[in-house]
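Going down the list, the sequences are from chains A and B.
In case it helps, this note's numbering puts the first sequence at residues 1 to 420.
In case it helps, this note's numbering puts the second sequence at residues 1 to 288.
Honestly, I wouldn't trust all of these hints.
As the list claims (entries may be wrong) - Subject to a maximum C-alpha distance of 25 angstroms in a straight line, what follows is the list of computed SDA-like cross-link-like pairs (lysine to any residue):
| # | chain 1 | residue 1 | chain 2 | residue 2 |
| --- | --- | --- | --- | --- |
| 1 | B | K146 | A | E21 |
| 2 | B | K270 | A | L84 |
| 3 | B | K145 | B | S53 |
| 4 | B | K31 | A | L182 |
| 5 | B | K270 | A | F43 |
| 6 | A | K395 | A | T265 |
| 7 | A | K226 | B | R249 |
| 8 | B | K31 | A | W356 |
| 9 | A | K395 | A | E251 |
| 10 | A | K226 | B | E264 |
| 11 | B | K71 | A | Y222 |
| 12 | B | K59 | A | M1 |
Claimed, not checked - Examples of chain B residues toward chain A, derived with CB under 10 angstroms:
| # | residue |
| --- | --- |
| 13 | D14 |
| 14 | L27 |
| 15 | W42 |
| 16 | H229 |
| 17 | T231 |
| 18 | N236 |
| 19 | V237 |
| 20 | N255 |
| 21 | D258 |
| 22 | T268 |
| 23 | K269 |
| 24 | E276 |
Derived by calculation from the structure, the hints in this document are not laboratory data.
These numbers come from a predicted model, not from an experiment.
Every residue, glycine too, gets a C-beta built ideally from N, C-alpha and C.
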Amino acid sequence: MKICNRCLYSEHHPLNITFDEEGVCSGCRIHEEKDLLDWNERFQKLKQIVENYRNQSGNNYDCIVPVSGARDSYFIVHTVKNVLGLNPLLVTYNKHYNTDLGIRNLANLRIKFNLDIITLTVSPETVKKITRGTFRKMGSIYWHCIAGQTVYPVQVAVKFKIPLIIWGAHQGVDQVGMFSHLNEVEMTRKYRKEHDLMGFEAEDLIDEFDGIDESDIVQFRYPQDKEIERIGVRGIYLNNYIRWDSKAQHEKMIELYDYETGEQTRTFDTYNDVDCFNYSDVHDYIKFIKHGYGKVTDHVCREIRLRRLSREDGIKLIKEYSMKEPKNLKQFLNWIGMTKNGFKFMLDQHRNSKIWFRNENWEWELKNPDPFQCENSRKSELEQVRLDLVENECKFRYTQNKRPDFIDDNYILIGKGFYK
Amino acid sequence: MLKKRIIAVVIVKDDIVVQSIGFRKYLPIGKPEIALEFLTSWGIDEIVYLDISATRDQKQPNYDLIRKAAKKCYVPLTVGGGIRRMDQVHELMSAGADKVSINHMAYNEISFVKEVALAYGNQCVVASIDVVKTPSGYQVYDYTKKEATELNPADYARRLADNGAGEIFLNSVDRDGTYLGYDFDLIQLVTNSVHIPVICCGGARNASDMVHVFSKTNVSAAAAANFFHFTEHSVNVSKSIVRKSEIIRLETHANYNDNDLDSEMRLTKKDDKILEEMLFLRIEKEII
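Next up, chain B with everything else stripped away, as it sits in the complex (with noise of 0.2 angstroms):
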């Protein structure tokens, strides 16, 4: 059986990184670069960089800051945002990137993506459908326009993977940076009409929302941006909560085993015992 993957999205908007709340509020992280460095140093299994000013701006992706950024990376990295043309996929492919997300491209024209997976292979693309719930269901949402499309995403998952898709990247828009935990019905909706691996993102809160994601749904990996820049460790600490379920990667040397935590996933002390005993080296009274 193949792992769960445990995916940091790092979203990049004007050349920072951003926390991104309901795809419209945008809080300054910092350099993509230290990101990238940190999230890999702390165990991260794959990291997806979206730039979501590029298409919107009409602007190519800023292969130099991608190429400084990936250096620091040593895990697979997927790379968003303003592919339009198959010669801006081998330029991100030079710049460091193993695997391209194709969203809005994909969605004017599916053969961009055959195209791509013909060239690099199907594992190289990673399809990324943003999705709206609306009174009539779910709906495909075009980022661009700010407004849903026709489209039922289970639907358009499955021709896209037609088209050669390997893996689908799936963004509930209506969770973006609210926490209230991932969308179950949506995720099984789109993990039952495809057979290739699908990535949930949008609302995780802490590690415990990506216990329950892999204990409800088959999807393959869990993807989250905002709260993995809130704390010291925050994706060794992660994975030692989702290992106890689930059959993960965790090779860092700090694992977190032995550390508990508390109902929102912070760290709580240790024993005073335990510390005290780290403190000095205990050696017995010697009675004469």
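Chain A on its own, in the form it takes in the complex (with noise of 0.2 angstroms):
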């Protein structure tokens, strides 16, 4: 398995990478456009887009964010209202596995910004029937949320006639290199299929077998290229013009902004995805499952190429979260109407034949389980790309929890929100 000369992604990555004659990854070279570029003529570049989509009349907002309340929201909705001056609407797409502190952290978001939130929460039988179907098929629990989170920004739009949506970091960039930030990639439907969607649209869950049908999937249905181009919908993206550094933004966003942190099962990152039970968890258990590699292993990379991390410490980060258990299996199948075998049968169905095998005992066994056990053979390579530390220490905060005595054992469907 080859496995990035800098970074620590591997051939297996299911957004795909390149590597080059040094063995570095499409990734690692795309990133070191954050020490070349001009980042301030970059940032102009920004302002001079989004002057254009300012409403004029005061009958519209100006913009779309796309928020969830974790996961740089506040960064965007910070950069949009309070660096660019703009009046955005915010757009939710209810996730149903939402901890008390996410809700929390919304509501912080929405009252800190004084801005107007719309929020979609489908119903949870059709949400429980489409992610049975999406497990089944693609072995995925979080198509909904991803679906819902990229389409339902750009049906706002469409209703609304906002043409500008913005975004924080687009993940092909950011990971593995898919493009330049001078490509200025925007959202599109494409890659939203493709990666996002892993190739399932909405329109291709309708099933007798799963019980789906037209009336579960309309809220999931990407407009109609018709209507983006009435509208002039466009999706821009702030890591294009802005230097992405998702752990100062955070830390920047706790002072300012008062975000609070949490603790997450599977990653040593505390200010991504806390407003989820199972994204770091049982998702990503699921993501090791199928890829071989965890949210972990994406968090290591980001922070080595960004020069907090060596790769020493981060093959360590990466065999301490990789193989952990999730926590909220149980309150996931509770949800779901599923018996824990159940899920392991549908779950094996998913496993990436490159990555496991049955051994003699029927059980399911890594081909390789150490892939790092080269690092010391390809020293000198691995010298030759290796970046110098800016930081000593990678370390992440934990704020102050606000609602201590709470114990965030459920799903919130919709929540209050805000506690003093």
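Combine both chains into one complex, guided by the hints.
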């Protein structure tokens, strides 16, 4: 298995990855642009783009900002409202797996920035039906979250005639270097179908076996091409114009707006995805089964590239977190109405045969239990492309829990959200 | 007069679509079948699918992958990469290709071009030429050896045409992924030397480069690879620009006729009034 000589991504990355003659991955190469580009100039470019979208009549919003309350939401809203001076409409898809902490963060975001927010909560029974279908078809319990998060802002843009959607970081740019920052990639239905939705559009879920019909997928349908054209909808990504550093950005948001952090099961990052019971838990465990790596690898690679973490410490973190069992599986199974055996059986259908095999006891075993065992023999080539550290430690902060007495152990579908 | 064509090039390396920059840096885009599906639905005229690793790794074309991708492609599909024998051409045609692109094999054995043309007709043979600019002028480039050959592109194109090539796919290696615009001198050099259609490729930043190349040269089709991946409806938007000065086909529902674009050919906002008109049905206030 080929592993990048600089970060720790392997050739099995589901977004695809390429390696150059030095054995460095496309993600690391594009990341180098972060230290080469004139970000001041790029920010001016962003200002120019959004200037055109300012509403002149006072009868509508300037743009749409999709938010979840976690994962860069604060930074995006901060940039759009307080730095660029726009009047955004916040749009949220209710992912159903909300933690109390997530509800608090979202409410705090809405109040601190004093903005309008529009939320879509799909009927839980429909969501469960769809999740059963997507789990069977592609081994994903998160399809509906990603589908909802990526389509609802576009639907709102079309409905309310707000042509500009401002997203945070483009995953393809940030993780695997699918595009250069200079390409200024924009939101496309193509990327959404292929990478976010794992090749399955809402229409592809209609299936008698899963009991999903046309009426169940309405909320996940992408608007027609003609509708997108009539309004002139564009979705731009801030990381093409701002030097993206999720950790530093979250820390600034903690200082400025009291963003609350929390412990996560399968990664050391305490800032991203704290709003969800499943993301760095059951969903990430599934990712490990399917692709042989988890969110911790994404976070380690990011921190190596940002020169806060050494390759060696990164490997330690990957070993520590990758094999961790999810804590919230029982809760998920209760919610969806599935047994643990049923869950395991379905998941086994989606194990990547390049990574797993059945041993003589008919148990699943990793073909390559320690992908980093050849590190010593590759030392000279690794040294050649190693980045010098700019910070000695890569420490993620914990903030004070704003509701310490509450036992956060149930999905909160709709929550009041703010506690003094 | 034949309509000018806008062609998307899908560059496939190790079975994934990539952005190619200068024939040496590759960025991973995704699956060929998704690329073909969306390029088709966005109204592209033709697709050229080039597997750049097959010949280099001495592999066969990946027929299964091409078959899967061709299912979602409803426009003429040219497939290239790894073609050395006639049976491979047969297999590609049955996998869904409408034409084959021959590069390395034409250079090594020009009679192969004739053989394919005899079996399937000249229209089926797209002879592909990679060109570099050297101090002594333009020269045909051998991408497997990564070096320039002695061949002059104009003479070589003429020989290919004489041997039955139906079209020339002319690629500027120096401009690949640079966004500096097409190499007009090179294109003019080749179009002037042959009577068959020439497709130009390499260097397009956006549709304005296509407008320029059609106005300044006799090229039949403008091809681009990378920039079609960057934005929603990239093809219909590009075509709406080219259509202002050239006769081309644009049959998609979303035609972008009424949308304005900035200097980089990205959409700009429609007037607030127009957007407001679309928001609700306007009824005059009733005064009693």
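Verification of the supplied hints:
1. K146(B) / E21(A): Answer holds: K146(B) to E21(A) is near 14 angstroms, not above 25 angstroms.
2. K270(B) / L84(A): OK: K270(B) and L84(A) at ~20 angstroms, within 25 angstroms.
3. K145(B) / S53(B): Answer holds: K145(B) to S53(B) is near 13 angstroms, not above 25 angstroms.
4. K31(B) / L182(A): holds, 22 angstroms
5. K270(B) / F43(A): holds, 23 angstroms
6. K395(A) / T265(A): holds, 16 angstroms
7. K226(A) / R249(B): The given pair, whose Cα atoms are some 17 angstroms apart, holds under the 25 angstroms limit.
8. K31(B) / W356(A): With a Cα-Cα distance of about 23 angstroms, the restraint between K31(B) and W356(A) holds, given a limit of 25 angstroms.
9. K395(A) / E251(A): holds, 11 angstroms
10. K226(A) / E264(B): holds, 22 angstroms
11. K71(B) / Y222(A): holds, 22 angstroms
12. K59(B) / M1(A): holds, 21 angstroms
13. D14: holds, 8 angstroms
14. L27: Hint holds; L27(B) Cβ to chain A Cβ min 5 angstroms, cut 10 angstroms.
15. W42: holds, 8 angstroms
16. H229: Status holds, d = 7 angstroms.
17. T231: holds, 5 angstroms
18. N236: Holds - the Cβ of N236(B) comes within 10 angstroms of chain A, reaching about 7 angstroms at its closest.
19. V237: The hint holds - V237(B) has a Cβ within 10 angstroms of chain A, the shortest such distance being about 9 angstroms.
20. N255: This interface hint holds because 7 angstroms falls under the 10 angstroms limit.
21. D258: Since chain A brings a Cβ to about 8 angstroms from D258(B), closer than 10 angstroms, the hint holds.
22. T268: T268(B) check passes; min Cβ-Cβ to chain A is 5 angstroms, inside 10 angstroms.
23. K269: Where the cut-off is 10 angstroms and the nearest Cβ of chain A is about 5 angstroms from K269(B), the hint holds.
24. E276: holds, 6 angstroms
Hint violations for this structure: none, all hints satisfied.
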